[in-house]
Structures are given as C-alpha cells and as structure tokens.
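*Asks:* Here's the letter readout for the chains.
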Amino acid sequence: MVDLAGQDQVSPSRNRGGRTLLYHVVLCLASIAMLYPLLWMLASSFKPDSDIFGDASLWPRHFSLAAYWRGWSGLQVTFGKFFLNSLVVSLCSVVGNVMSCSLAAYAFARLKFRGQKFWFALMLGTLMLPYHVTLIPQYILFLNLDWVDTFLPLIVPKFLAVDAFFIFLLVQFFRSIPRELDEAAMIDGCGPWRIYWIVILPLSIPALATAAIFTFIWTWDDFFGPLIYLNDMNSYTVQLGLRSFVDSTGKSDWGALFAMSTLTLLPLFVFFLFFQRLLIDGIATTGLKG
Amino acid sequence: MADTLIDAATSRQALPAVRAPETSWRESATGYLFLAPWLIGFFGLTLGPALVSLYLSFTDYDLLSNPRWVGAANYVRIATSDPKFSAAMHVTFLYVALSVPLKLAFALLVAMMLNRGLRGLPLYRAIFYLPSLIGASVAVSVLWRQLFASDGLPNQALKLVGIHGPSWISNPDTALYTLVALAVWQFGSPMIIFLAGLRQIPKDVYEAAEIDGASRSQQFWRITLPLLTPVLFFNVVVQTIDAFKAFTPAFIISGGTGGPIDATLFYTLYLYQEAFAYFRMGYASALAWVLVVIIAAFTALSFLSSRYWVHYDG
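Protein chains in written order, with the numbering used here: chain A, 1 to 290; chain B, 1001 to 1314.
This is chain B alone, in the form it adopts within the complex (with noise of 0.2 Å):
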C-alpha cells in the first residue's frame, strides 16, 4: 500500500498539464491495487528471498544460530575443494547434453512424420504427448525404477533371448542412462511446439523447390530447418533450463541419495541434500546462487549464438 501512495503522490507531480491530475491519480491508484497481490509477492517471496540467500551465501548457517560471516569461503570451496560438486556438475551436464538433443530430435522427426497430412493424427498426437503430460509426477519415475529394476521389463525381455539383464537403476554405469531415457520419453511437448512450428511454413515454398529439383534432404536442410530456427531456439532454451533443474526422478529412483556412487546426483538434489538433510543454508544458497549463474549464463550464451543461426524473417 505505502508503495501505491508514494507512486500516486509523485505521479501527481510529474504529470503533464494537459491532463486531469485527479484522473490520473486514480488510475493509478487502481492500477496497483489490482496489482497488490503480484507486488506483495514479488517483494515478500521472491526479490526479499533472492537477496536473503545471496547474503546468506557468504555465510554459515544452520537455522538454529545466526549466520556467520565467512566472506567467499563458500565459493571457494565449491569451485575448489568439494567433490561432491564436481560429481553433481558431472553428472547435470551429462545428462543435459544427452537428454536434450536426443529429445529434441525425437521431437522433430516425429513432428515431421505427423506433419504429412497423416490420417489419425490426432490420436498419434495425443498418444506422444501423454508421456510429457504426466512425467513430472512421482508414479512415473516409481515406474521407472520398477521399469529398469533387475526384474522389470527389459530384463524379462533379454531373458527370452537368454540374456540375464544388470539392474539397470542399481548399476553406477547405467543409473544415470535410465534417467536420461526418461526425459527422452518425454518429447511430447516440445512435438507439439514442432509441430506447430511447422504448420507455419507455407506449402508453395516446397513446390517452388521441387519444380526447382531440390531433393528431399536439401528441402529439410535448406527449408524446412531454417525456417523452424526461431522454434527450434525456444525448445532449446526451456528444455535445457528445464533439465538443468530436473529433481523428482533422480529423487525417487535413488531413494534421495544420488546414488549409486553419486551416479544421480543432479545438481539440485545435492543443493537439496546440502539444505534439508544437513541444514547447510549458507552453503547451499551458493550452490543456488552458481546455478543461477550457470543458467543465465547458457540463456545468455543462447541468445548470442541465436544470430547467427536462428532466422526470423522466415
């Protein structure tokens, strides 16, 4: 509210004289009440927070005494002396290079099958997509471990052909492999963005390229790929930002740990071990505040990159 006075109250002086001051104080008075819930929050839940954690990043704490000053000691320890880090860092960026082109490129090439005018597609559609809708929640990563467990599916499939399957989750070689084939399951809504994407790109454009003689590869190079850069670009932006903060399969499939030998360890699981199972608020706010930065520096890295290859005068 004090923030709605004081805006209103400079409003008034700084309007021009054409207008009705009182109008304009009004208005404005409306507008950030309407606003009052968003700003309320904003203030309380996440710019306070923000700069509550990056103070308490350069300190210790553990809820129970007040934070201790200990200036970078907490940086430096992350970017020099914790394995535990490098493991999580490992093991995010893995995952994150394999899950998201390999997902992203199931996406489109299945959004290009749908894309042919196919009979049924609606149903093909909502078949893909079902798996993105219900990913997220516990039960399917609980079938997932089930799924890849010494017993599940696979082993009983290699068994008929006399094969005796590893426990896929329990193996540090392959633990993090399950997790990536079930982001990879998950390619239906980035397929659905494909698809709309193409839908946009007028038909005549290939007809012009056939008369010319184009074969079909030279058409997905030199049109239809192009043409799709700018949805391509925002795919990869939400999916890799999306992966970077992948928690609940690593979660559930290791039973919280990371484990086997930290092959799961996602970054934000050891920030949540950090902050939940040992109370190391101090150090686990720089490790949120080094993924922040990792974040923003890929968007950043994106948004740079996209000139040269994202085309928005299709």
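Isolated chain A, as found in the complex (with noise of 0.2 Å):
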C-alpha cells in the first residue's frame, strides 16, 4: 500500500529514504513482471524449438534465425506482402487523418460560418458512438460498392474525417495559436486557405505528429477492419496473416509464430522508441487511449 503504509515514528527522512528504496525494490521487480512475457517471446524467437519449453531463461543457448525463416515463408503468401500491404494502409491513412482531420478542425477553430456550433455538437456527438452501429450498412455500402478485398474501406473513411477524436484534439491546439498571426497574414493579402497553409500547418507540427503517430499505431494494430473486408490473402495485413498463422501451423510452430509476433510489433517499437515523449504528452494532455 502506497501512502497508506507507514505511520512517521521515526525520524521521517530515514523513513523517506527507506521507503524511496522499497518503492524502488517494488518498482523494479514490477517492471521485471510486465516485461517478462515480452521478452520471453523475443528470446523464445531465437532458440530451436527444443528449447523453448522447460528453459524460461531470457538468453537463448543456442542462437538461431531458423524460426525468422520458416515464419516469414509460413503460409502460401510470405509475410513481406502482408508487411507492405499494412504499410500502405497505414500510410494512407495516416495522409487521409491528417489531412481531412486538420481541414474540419481549422473550420471549427478559426472560421465563421453559420450552423458552427451545432456541427461542432454533432461531432463530438459522434465521439461517443460505438462504431457497432455503422458497422453492418457500411459493410453492405462497400460490398455493392465493390470495395471489398481492397483497401478502400480501411482507407477512404480516414479521408473523411471519420476518427472524430482527431478533429477535437486539433482544434483544441489550433485555438491556442495567438489569432494575431492570422490576422497579420491577412493584412499580407492572404485567404483562410493560405492561412491555413502558412501559418495554422506549420506551427501545429506537435499536434498533427501525434495525431499521425496514433493513427499508425492504431491502423498497423487494427483487426477487425481487415478481419470483415479482406478476404483474399494476397491482400492481408500484418495482423490477418498473423492470425491465419496460428490457425495453420502456428499451434506446433512456437518459434515461427513468435519470430512472426515479434516482426509485427517491431514498427511499435521503433516509434515507442523514438516518440516516446510525444505519444505520453498525447495521453497525458488529452487522454488518448495508448
């Protein structure tokens, strides 16, 4: 128990420094728990099959990439195809997002019109609806549109601004951005679409890099889209060949399914890596769900 614990019957700095060292002794000992079954799985990735059962150890004795291969070549397409189907979408949609999200959001923040405040109502609105709803008659529009088994329906409704979230984060940023500025450019002779360009973009860098940073993240990881619209292989992402991996070998195969694991959440890393500091502000300040 955190502040629970402990009356000050001592001297209370020793009492702080001996309870700085037990939270440190709790610290360390919960990290090592939570990252136990990561790092199982990246050391398992490594070792012969024989070794991954009854040797939980986290250095593999035998090293090897056997695994990475007979993963990578697993099933009838290779995982480099699903890899570069993932990338597009996620590209794609990171450009749609970003795009579309700040063009709603700079209408919101920064221009008149009649009607604003309902619409910004009704988007935020749309925040709390479950995606349950639209779900069957977008099916069925996609389906007689003869998107499915393309990425269209993955990618399209990123152009249109659908991941409302995104749109609030920005216009909480864009109206933090001192008016003057605009008003100095329109002096200069420009439009709300050169204010927009020139001034509101590029002083937004943090913000729209979070917004496209999450939606990376949540389309590299996202299932259930591509569980209901891909259907032939050759167009699977990362996570549908993953999953068509553990229904056809991946229940024998530890390794192989392991190096594929590991594969797949690499970009996660590397952008956990890298951003780390923006994707915890992000939550922090707006309470994005990691």
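Hints listed in this document are in silico derivations from the structure and should not be mistaken for laboratory results. The beta-carbon is built from N, C-alpha and C at its ideal position, and this holds for glycine as well. Since no wrong hints were added, every one of them can be taken at face value.
If you want the ones that stay clear, here's a sample from chain A, every Cβ over 10 Å from chain B, calculated:
# : residue
1 : F63
2 : Y68
3 : W72
4 : K81
5 : T150
6 : E180
7 : L201
8 : S204
9 : P206
Computed footprint of chain B on chain A, listed as stretches where at least three residues anywhere in the stretch have a Cβ under 8 Å from a Cβ of chain B:
#  : segment
10 : 31-39
11 : 119-129
12 : 138-146
13 : 210-224
Grab the two chains, each in its own frame, and use the hints to assemble them into the complex.
*Replies:* As structure tokens, then:
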C-alpha cells in the first residue's frame, strides 16, 4: 500500500529514504514482471524449438534465426507482402486523417459560418457512438461498391475525417495559436486557405505529429476492419497474416509464431523508442487511449 | 455541396443589416468547403449508416434477399429467448466489472509511487506504458495465448515446485481471467493520466495537512483521492466503454469461437459471429443498438452520479 503504509514514528528523513528504496524494489520487480512475457517471446523466437519448453531463461543457449525463415514463408503468401499491405494502409490512413481532420478542425477553430456550433456538437456526439452501429450498413455499402478485398474501405473513411477524436485534438491545439498571426497574414493579403497552409499547419507540427503517430499505430494494430473487408490472402495486413498463421501452423511451431509476432511489433517499438515523449504527452494532455 | 449552397442562401436572408452580406456568404461558403470531407463522412458513413442499422434491426436480412420487416421480433428474442446473448452479457459484464477496477487500481497505485520524485521516473514510466502501446495488436493476444497454454510460462514456473498446471485458456473456469489479466497488464495509459492529475495537486496542501497531524491514510482519503476524482471519473468512463468494446484478444485466444463453452464470448465477438459468420444482419444490428443503449446508460449514470463524488473545484 503506497501512501497508506507506515506511520511516521521514526525520524521522517530516515523513514523517507527507506520508503524510497522499498518503492524502487517494488517498481523494479513490477517492471520485470511486466516485461518478462515480451522478453520471453523475443528470446523464444531465437531458440530452437526444443529449447522453448523447459527453458524459461531469457538468453537463448543456441542462437538461431531458423524460426524467422520458417515463419516468413510459412503461408502461401510471405509476410513480406503482409508488411507491404499494412504499410500502404497505414500510411494512406495517416495522410487521410491528418488532411481531413485538420481541414475540419480549422473550420471549427478559426472560421465563422452559420450552424458552426450545431455541427461542432454533432461532431462531439459522434465521439460517443460505438462503431458497431455503423458497421453493418457500411459493410453493405462497401460490398455494393465492390470495394471488398481492396484497401478502400480501410482508407477512404480516413479521408472523410471519421476519426472525430483527432478533429477535437486539433481544434484544441489550433485555438491555442494566437489570432494575431492570422490577422497579420490577412493584412498581407492571405485568404483562409493560405492562412491554413502557411500559418496554422506549420505551427501545429507537434499536434499533427501526435495525430499521425496515433493513426499509424491504431491502423497498424487494427484487426477488426481487415478481418471484415479482406478475404484474399494477397491483400492481408500483418495482423490478419499473423492470425492465419496461428490457425495453420502456429499451434505446433511456437518458434516461428513468436518470430512473426515479434516482427509485427517491431514498427511499434520503433515509434516507442523515437516518439515516446510525444506519445506520453499526447495521453497525459488529451486522454488519448494508448 | 448542396448543404453549402442552402446554408449560404439562408444565411444571407437571416443576416443583421450591419454586416455586409457578401462577406458572410463567402465566409460561410469557405467554412463549409473546409468542412466538406467531414460532412460527407458524417452523412455517408456515420448518420446514414446509423439510421439504416436502426431500420435493419427491425428486419430479417441475409444480404441476399431484401430485408423483411419483422417488427420488434429481434429485440424480443434478445430479451427473452437467446441463451447466447445471455452468455455474452454475462461474460462481458464480468470482464468489465473485474478488469476496469483492477486496471485502475494498479494504475493509481503505481502512479502514486512514481509521483514521489523517484529517480528513474522516465524509465519506469516507459516500461509500464509499453504494454498499453502494443496491447491492441494480434501479436500480444498470440503471446497471451501461448503464455497461458499448458506449456506456457506460469506452468513452467509451477512445474519447478512440482505442480502440474492446467491449460488456462482451454479451461472454461479460467479462460476469462487470462483476458482480465491481459487488460490489467495494460494499465499504462490510465497510469499516465493519473500521474498528470497527481502533478496538479499543490504540494503545500500536504504540508499543511502534515502540520495539522494528518496521517498518511488520512492524506490519501481526504486530499489525494478527492482532488483526483475528475481524473478518476475520466478514466472510469473511458476504460469501461473500451472494455465493453473489447474484441481482438477474445477472438485470437478462442480462435474466433468465444469458447471454451462460451467462456470468452465477448459481446462484440457474438455480434461479429451473427453478422459475418451467419449473415444475420438484422439480428446483429439489433445487438449493436442494444450495445449502444448499454453504453449510453452507463455513461449517463456516470455523469449523473458524478455530482455526488467528483470534485471539480479543486
């Protein structure tokens, strides 16, 4: 028990030192417990299959890349194709989300038009709406457009600012930019489009980057969308590829399964290493879910 | 575009005489142009589909023949004679009731430890945050499935002390708890929000309390917790809605079945099966609207109750 524990009977400073040490011990143990499954997966992906069981150590005794080769071409289509597909879908989604959400956010934060408050309230309302209610009609729509087994159902909604959360995020940020900058640009003869393009967007790089990174991570991780819209293995994303791999060989070949799981997590680790500050600030200030 | 023109036209008439109508017409038109992608998405992908699914929920529809109007039959069946629905509700509510409080308790506990100015805070925070960042991916669900299989890590540890552990994920009594553990493992993002909230509490409040002789537990119950209630409220609402919508872990761990014996049949998984395995689109739409009502009711209750326990004037 953190703050509940311990009455200060001894001298406060000694007690504090002891408690700090105790916290470090507890937090270190907790960190190890949290990371152990991930490290176990990583280590197992480099072990020969016979070593995965009965050897829970985190350092492979016999280091081998065989599981990666087996996994990479374990299905009719290689994971290379899945990675390419995921990359295409994720990058297009990032472009779509940043573009459409920043346009809408600019209209809400900076322009004046009739019905503005009404649309803003509706936009906030869509934040609360679970996607399940739009799921089936959207599926019917995309089925009739013959978009099933293409990436369009996954990408086009992003160009139409369906992820209203990012609009909200950007509205908040745009409002913090001083209006004097807009006015100065207006005196210099800039219209709203140029102000959006040369004043607001360049000053909003941190917020746009947050939106871009979270869009990438969520799209990369998305399983439900691809599961519904992609049936042909050639168009699978990594998440679907991994799921097929579990269903086919995965139950017996743990090594290959862990190897491919590790690979699909790799882009997320890269973001984690390079943009951790941005990710954590994004959550702390706006309550974005990790 | 039609909306733009209509709105622009009406705005010209309704305008007070002081402002030049010309400017306002153009301003409104520009506003709607910027908003155009969102408006198309709102009508075409959100409002339209939501209304269509409301209609479909009163029909039988299998994608092949036209929807057949059945009145409230789908809702009646949900309420009275669908054992799978009851199973899904039971599993989902149990999951929400266990995973949300546990996750938030861990998040708060660790945030409070970290808030004491410990050295290495950024490192700890990063380590605890990592699982939330990657938790939604299939790979983590796959890892969990292997972790709690009969040869998994906990059982290898149990073997050392001579216990032969069960396969946690294929036992209907324990399968759901492995999913709860997976959710709790991802306590990082609410922890970050708690940490941000704890930072806002001024230090001198504690100093004053200490001078008045308040014990640590009094400080927690009388200062920390009350001042943290807005953040706690936010976390409860967000995490609960998220837990109701959980899908991927149950799908991967049960191989899409919700088994063993419906022990992991999350509501969304059941909805998915009805819609995309059996193509009962009408019934699945009704299920979706029941989920909306559940989530809306929960959210409304939270907001109504918040005035009794959330302190905004910290």
